[in-house]
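Asks: Residue-level listing of the chains:
There are 2 protein chains.
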Amino acid sequence: MQVGVIASVNEARADQFSHRTAIVIDVLRATSTMVAAMKAGASSIVPAETVMEARALFRPGDVLGGERFNRKIAGFELGNSPLDYRKEIVDGKRLVLTTTNGTRAVIKAMRAENVLAGAIVNASACAKAALELRRDIVLLCAGSNDEFAIEDGLCAGFLLDRLDNQCQQGIETDDFGTAMLALYRNRSEHLLETISQGTAGRRLIKLGLGRDVEWCAVRDSDDIVPRLTGDALTKC
Amino acid sequence: MQVGVIASVNEARADQFSHRTAIVIDVLRATSTMVAAMKAGASSIVPAETVMEARALFRPGDVLGGERFNRKIAGFELGNSPLDYRKEIVDGKRLVLTTTNGTRAVIKAMRAENVLAGAIVNASACAKAALELRRDIVLLCAGSNDEFAIEDGLCAGFLLDRLDNQCQQGIETDDFGTAMLALYRNRSEHLLETISQGTAGRRLIKLGLGRDVEWCAVRDSDDIVPRLTGDALTKC
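Quick mapping for you: the protein sequence lines, in order, are chains A and B. Under numbering that gives the first Met the number 0, think of the first position of the first sequence as 0, with each following residue one higher. Under numbering that gives the first Met the number 0, think of the first position of the second sequence as 0, with each following residue one higher.
So here's chain A without its partners, still in its complex pose (with noise of 0.2 Å):
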């Protein structure tokens, strides 16, 4: 089985999609946010690109929640803090999320056969169900401004270690996909610190969000795998 890694969602082409399983991974915090949302009894989470855009898609009795700069945005219920979606606010409501890269990621590997939410928190749920899906992967790794980030980066890598521990005939990979294993072969024992090192991290932690950081780089505390179903996505 081929999995291959992109590094940032500004280099991600659409023939990098077609017939695979795409699983979109932003660390710092959409794809943790979903996993949290779905956790908390979201029934599904539909993926904005624009603010403007979540605004047209919520209907009442939606819960809309997303960031740009970090922050929540303005008329907004919540922001893209995994730890506020509590089960009292968003427990059998769909959520309409919009955030500045993770989304975007998920709309531009629309053009896959299956896109999966990956995070550090359900990565070895997020192997199994890929690999049940029977198709080459491909790793979108988020970023963060177009650039790369180290925390997507390493869950690229804990994703090929699962992928490669739990596929009998094991998984090929590219370059970058070997560069993202020794990554997080290199630092697992140190993931927090690494994370909270990387641009990102720093920048959450600086805005008092330490908390978030911390919820975010806790290998497998969750089993649920958020799946794109039509413009939604859903427990897989």
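Among the clues, some could well be false.
Which copy is meant is left open, because identical chains are indistinguishable; a pair holds if it fits in one copy or across any two.
With a Cα cut of at most 20 Å, we get these calculated SDA-like pairs of lysine to any residue [to be verified]:
1) Lys205 with Leu82
2) Lys205 with Asp173
3) Lys205 with Glu171
4) Lys86 with Ser220
5) Lys92 with Gly74
6) Lys71 with Arg54
7) Lys127 with Gly3
8) Lys234 with Ser220
9) Lys38 with Asp90
10) Lys234 with Asp221
11) Lys71 with Ile88
It should be emphasised that the hints constitute simulated quantities derived from the structure, not laboratory data.
Guided by the hints, dock chain B onto chain A, whose structure is given.
Replies: Only chain B this time, still in chain A's reference frame:
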């Protein structure tokens, strides 16, 4: 001291070079070949972007070298194999060199205040030379076919390791640099194996050029550092 790392030549933007020392990395094989050519006595190396430009720059007494699709160019005296750059051919001569990725990367880096050619064979000397220039540093991995190449990433990680070791105040790098340093530290005992399994390594081995790959994977076999002065590289 800040050390940025660029994953491949097509990702390089002009503003990433100004006021900095650029180290251009094309382990397989352009920057390794530059070191070999200077070791064999080449007086200078003129990088040319195209075959036509190389022919135009050629003057009687020069050596014309380079490759397209890993093969010697018709009418050129030498290809891009470091092992071919022997004293009896290049000693005392000017080399006009054009390769698919490496010479293009040197030309792209020309906006930098200083441009050095780095490879695994001269990394420690290259790190030392860069530090002596007392500017922030940018490592430009040439890559292969506009994609990240594992051997260039390993060399970037090796350079970061040496820079950090040699710089009294330590260095700061970006997320991609952190990943390359971890890649190098994870694979440092298996350099040749990792490079041989990469996309470019496998291609060269298939073409019968496995000895080139072996030569290019030896750490610090030389202390020659090619440095750009005007339009040509000379010994630092």
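Asks: Does the structure break any of the earlier hints, and which numbers would those be?
Replies: none
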